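Start from the sequences and build out the full structure, keeping to the hints where you can.
In order, the protein sequence lines correspond to chains A and B.
The opening position of the first sequence corresponds to residue 1 in our numbering, with each subsequent residue numbered one higher.
The opening position of the second sequence corresponds to residue 1 in our numbering, with each subsequent residue numbered one higher.
Think of the hints as simulated: they come from the structure by calculation, not from any bench.
Please read all numbers here as calculations on a predicted model, not as lab measurements.
Backbone N, C-alpha and C fix where the C-beta goes; we use that ideal spot for every residue, glycine too.
It is possible that some hints are incorrect.
Claimed, not checked - Derived pair list, reagent style DMTMM-like, types lysine to aspartate or glutamate, alpha-carbon separation capped at 20 Å:
no., chain 1, residue 1, chain 2, residue 2
1, A, Lys210, A, Glu230
2, A, Lys5, B, Glu333
3, B, Lys225, B, Asp184
4, A, Lys5, B, Asp38
5, A, Lys137, A, Asp182
6, B, Lys5, A, Glu333
7, B, Lys56, B, Glu85
8, B, Lys5, A, Asp52
9, B, Lys318, B, Asp304
10, B, Lys331, A, Asp67
11, A, Lys331, B, Asp38
12, A, Lys152, A, Glu251
Said to hold, decoys possible - Beta-carbon label-pair distances, calculated as ranges:
no., chain 1, residue 1, chain 2, residue 2, range
13, B, Lys5, A, Asp184, 35 to 45 Å
14, B, Gly197, A, Asp184, 49 to 59 Å
15, A, Asn243, B, Leu314, 29 to 39 Å
16, A, Asn241, B, Asp55, 52 to 62 Å
17, A, Pro35, B, Lys5, 19 to 29 Å
18, A, Phe147, B, Lys5, 49 to 59 Å
19, A, Lys318, B, Lys5, 15 to 25 Å
20, A, Glu198, B, Arg335, 57 to 67 Å
21, B, Thr313, A, Lys318, 40 to 50 Å
22, B, Thr313, A, Asp182, 33 to 43 Å
23, A, Phe147, B, Arg335, 30 to 40 Å
24, B, Lys5, A, Pro173, 37 to 47 Å
25, A, Ser298, B, Lys222, 26 to 36 Å
One letter stands for each residue in the lines below.
2 protein chains.
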Amino acid sequence: MSPIKNIGIIGGGQLARMLSMSCADLGFHVHIYCPESDCPAAQVSNSITNGDYKDKNKLRHFSKSLDILTYEFENIDSSGLREIEKEITIYPPVKSLEIAQDRFLEKSFLLDLGIRTTPFYKVDDFSDLELLVKKKKKQFIIKTRRFGYDGKGQIRVKNYSDLRQKFSKQLIPPSIAEEVLDFDKEISIILARDTKGEIKAFEAAENQHKGGILFSSLVPAKISKETRQEAILISKKIASNLNYIGVIGVEFFLKNQKLYVNEFAPRVHNSGHWTMDASNISQFEQHIRAISGLPLLSPERYADVNMYNLIGTLHTKKQFHTNSKLYLYGKSEVRSGRKMGHINVIKKGAKSSLLE
Amino acid sequence: MSPIKNIGIIGGGQLARMLSMSCADLGFHVHIYCPESDCPAAQVSNSITNGDYKDKNKLRHFSKSLDILTYEFENIDSSGLREIEKEITIYPPVKSLEIAQDRFLEKSFLLDLGIRTTPFYKVDDFSDLELLVKKKKKQFIIKTRRFGYDGKGQIRVKNYSDLRQKFSKQLIPPSIAEEVLDFDKEISIILARDTKGEIKAFEAAENQHKGGILFSSLVPAKISKETRQEAILISKKIASNLNYIGVIGVEFFLKNQKLYVNEFAPRVHNSGHWTMDASNISQFEQHIRAISGLPLLSPERYADVNMYNLIGTLHTKKQFHTNSKLYLYGKSEVRSGRKMGHINVIKKGAKSSLLE
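As structure tokens, this is what we get:
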């Protein structure tokens with residue numbers, strides 16, 4: 001068994017909540033660090049430390065009693081983690097966090113590995129953007145390099161006059177401009193890499209977004225075998241080159257049978273929530289296994305499954321389907337655009353890969 | 001959705017721990033009542049009240065903020081619950097607890113329903129026992145009427161001289177004497193009954209005990225279709241006649257194709273832990289659905305599965321099998337005979353009833 005007893009998680013949202021329960025299943029004690037006292041994860045964990053994500057001293061104090069530290073989201077000040085990792089192991093490695101939390105570093109990392117992305121350009125100030133739009137005559141999405149999520153910090157620009165209109169202030173944070181790709185599908189690959197470098201991938205999911213927020217993941221993605229294999233290979237390449245430990249989610253656009261990596265998330269991923277019900281192992285337990293040194297399980301899928309997020313509501317007709325599994329995150333307030341829960345609808349008559 | 005928000009559980013052991021996580025999945029808040037502060041359930045629940053199970057005032061105070069109250073074990077003073085239920089709904093009904101916690105009432109209840117048990121006799125004092133053993137010339141198991149579990153409070157008696165030897169004090173608590181049945185198999189049925197009277201049964205498990213403690217449950221039980229159907233019918237009869245709400249576990253002996261009910265437990269049951277991994281719904285979530293008024297799911301089994309308890313140890317070779325799912329209960333101390341966790345070994349190539 002693992003010598004690890006106490007696992008710390010930075011962040012107290014739904015991902016930390018589901019990670020906490022997997023920790024409990026495996027007999028680990030979980031300690032949450034998050035600003036709010038009644039966060040979703042606090043309700044199912046051993047202890048909670050309330051503090052700001054930028055409070056290095058509090059974070060360092062929090063991590064003193066832990067055997068290992070992980071995190072549920074990217075928007076953490078990594079310089080604090082760099083100090084903490086002198087005393088405690090942090091998985092996934094801080095380097096992967098640093099790359100993932102800066103879109104320019106992320107895309108450059110992919111480029112260096114020869115992995116296809118949509119063409120992207122570094123934007124340091126408004127003049128960079130003016131020049132680019134004038135010259136390229138393409139549509140762009142302007143994304144802040146840091147601290148964007150769920151479509152926040154993204155603006156679409158059609159042409160030069162559109163640019164002048166949308167950026168009237170002419171002051172923008174460090175950003176990148178990506179050429180708009182009118183893609184056919186969005187898919188994601190979720191995989192785990194353990195301390196020995198072994199990698200286990202889950203089945204590909206096909207994702208739909210609404211207003212920049214993931215709305216549904218259909219599994220398996222309706223893509224060719226070759227595309228699926230290629231997406232897994234690219235994801236493995238990313239994980240190996242990061243010396244990654246834990247679960248990683250890689251998002252792709254598919255256009256004319258060509259895969260473009262959109263981004264990767266150094267954490268469990270919303271498009272992997274289906275694994276809680278249609279797999280022998282969930283992404284949450286697989287992540288905890290990877291970071292605690294337990295052997296990974298080989299994911300086996302039991303059935304076709306559709307995952308639907310509950311966004312800004314606790315209710316949907318789908319949760320009353322015969323084979324619907326409902327998850328609510330225990331958030332005290334329902335807010336527009338807030339992820340309140342999700343539903344896994346297991347499809348009858350689907351073929352099981354475990355039983356083949 | 002259910003109008004229920006706060007669920008209370010009396011007891012803080014592993015069953016309460018797994019119930020708590022199912023409550024969390026469904027977005028309910030869980031409040032634990034148990035004497036120990038660091039009990040397994042406290043680690044994954046919203047709050048804990050520490051108190052003695054006999055402390056009626058504390059129990060009543062505990063239940064004030066709840067919408068519904070349930071329990072994870074039988075050995076609770078039911079007179080306290082009778083007072084509390086004037087103010088709050090308790091599921092499973094206190095009546096089923098009262099019957100189950102007294103072996104003589106339990107067996108008499110079964111007899112009244114025409115359900116086969118091994119012959120049993122009320123034992124109020126030692127002379128009852130002397131008379132019985134002299135007259136019947138059979139082997140008996142003497143069981144205390146109340147507060148026995150995992151083989152505790154049970155003594156086997158071969159004949160009269162054996163009786164004199166084992167009961168030297170000639171003082172015994174109210175008990176029953178059951179004729180020893182040299183059974184072929186032990187099986188169990190776990191089912192849920194909801195507030196509308198709808199019943200959903202899980203697949204039958206075949207159980208092995210070691211030293212009076214459940215050691216393994218193999219699913220499905222290797223029994224004929226007819227036996228399986230009869231066991232389910234008997235279990236449904238018991239649940240319906242108790243006006244039962246929640247999950248109930250019914251244990252059977254099988255001898256020469258005849259079923260004998262050994263006992264029933266008005267709670268989730270150790271032989272149903274396999275449902276966490278080889279079923280579309282676990283017994284824990286099904287119980288919470290039943291008591292909170294949510295519709296039950298129709299249990300569908302994904303695969304054949306063997307459940308093994310970890311008794312007095314945290315380790316077994318089986319947990320490293322490719323398809324082993326490990327659960328540890330977070331108990332601080334490993335003690336001989338103590339249930340520390342369990343393992344579900346999912347068998348490859350098994351036929352799935354969901355996918356038929």
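A quick look at each hint next to the structure:
1. For the proposed pair Lys210 of chain A and Glu230 of chain A, the alpha carbon gap of about 27 Å is over 20 Å, so the pair is violated.
2. Pair hint Lys5 of chain A plus Glu333 of chain B holds up; C-alpha atoms about 14 Å apart against a cutoff of 20 Å.
3. Taking the CA atoms of Lys225 of chain B and Asp184 of chain B, the gap is near 17 Å; set against the 20 Å cutoff, the hint holds.
4. With a C-alpha separation of about 15 Å, the suggested pair Lys5 of chain A and Asp38 of chain B falls inside the 20 Å cut-off, and the hint holds.
5. For a cut-off of 20 Å, the pair hint linking Lys137 of chain A to Asp182 of chain A stands: about 16 Å separates their Cα positions.
6. Of the pairs offered as hints, the one joining Lys5 of chain B and Glu333 of chain A holds, with about 14 Å between alpha carbons and a cut-off of 20 Å not exceeded.
7. Taking the CA atoms of Lys56 of chain B and Glu85 of chain B, the gap is about 12 Å. The hint holds against a cut of 20 Å.
8. A hinted pair counts as satisfied when its Cα atoms are at most 20 Å apart, and Lys5 of chain B with Asp52 of chain A does not qualify at roughly 29 Å.
9. With a C-alpha separation of about 16 Å, the suggested pair Lys318 of chain B and Asp304 of chain B falls inside the 20 Å cut-off, and the hint holds.
10. Simply put, Lys331 of chain B and Asp67 of chain A have alpha-carbon atoms about 18 Å apart, close enough for the 20 Å limit, and the pair holds.
11. Simply put, Lys331 of chain A and Asp38 of chain B have alpha-carbon atoms about 25 Å apart, too far for the 20 Å limit, and the pair is violated.
12. For the hint pairing Lys152 of chain A with Glu251 of chain A, the CA-to-CA distance comes to about 17 Å; that is within 20 Å, so the pair holds.
13. The hint said 35 to 45 Å for the Cβ distance between Lys5 of chain B and Asp184 of chain A, and at roughly 44 Å that hint holds.
14. With their beta carbons about 50 Å apart, Gly197 of chain B and Asp184 of chain A fall inside the hinted range of 49 to 59 Å.
15. For the pair Asn243 of chain A and Leu314 of chain B, the beta carbons lie near 30 Å from each other, so the given range of 29 to 39 Å is met.
16. Taking 52 to 62 Å as the suggested C-beta distance range, the pair Asn241 of chain A and Asp55 of chain B conforms, at roughly 60 Å.
17. The beta-carbon spacing between Pro35 of chain A and Lys5 of chain B, approximately 24 Å, falls within the hinted interval of 19 to 29 Å.
18. For the pair Phe147 of chain A and Lys5 of chain B, the supplied restraint of 49 to 59 Å is violated, since their beta-carbon distance comes to about 34 Å.
19. Checked against the given bound of 15 to 25 Å, the beta carbons of Lys318 of chain A and Lys5 of chain B, roughly 22 Å apart, stay inside it.
20. A beta carbon spacing of about 35 Å between Glu198 of chain A and Arg335 of chain B contradicts the range 57 to 67 Å that was offered as a hint.
21. Checked against the hint of 40 to 50 Å, the C-beta distance between Thr313 of chain B and Lys318 of chain A comes to roughly 43 Å, which is consistent with it.
22. The beta-carbon spacing between Thr313 of chain B and Asp182 of chain A, approximately 59 Å, falls outside the hinted interval of 33 to 43 Å.
23. Hint check: Phe147 of chain A to Arg335 of chain B, Cβ distance near 50 Å, so the stated range 30 to 40 Å is violated.
24. In this structure the supplied range 37 to 47 Å holds for Lys5 of chain B paired with Pro173 of chain A, their Cβ-Cβ distance being about 42 Å.
25. Look at Ser298 of chain A against Lys222 of chain B: about 28 Å separates their beta carbons, and that is inside 26 to 36 Å.
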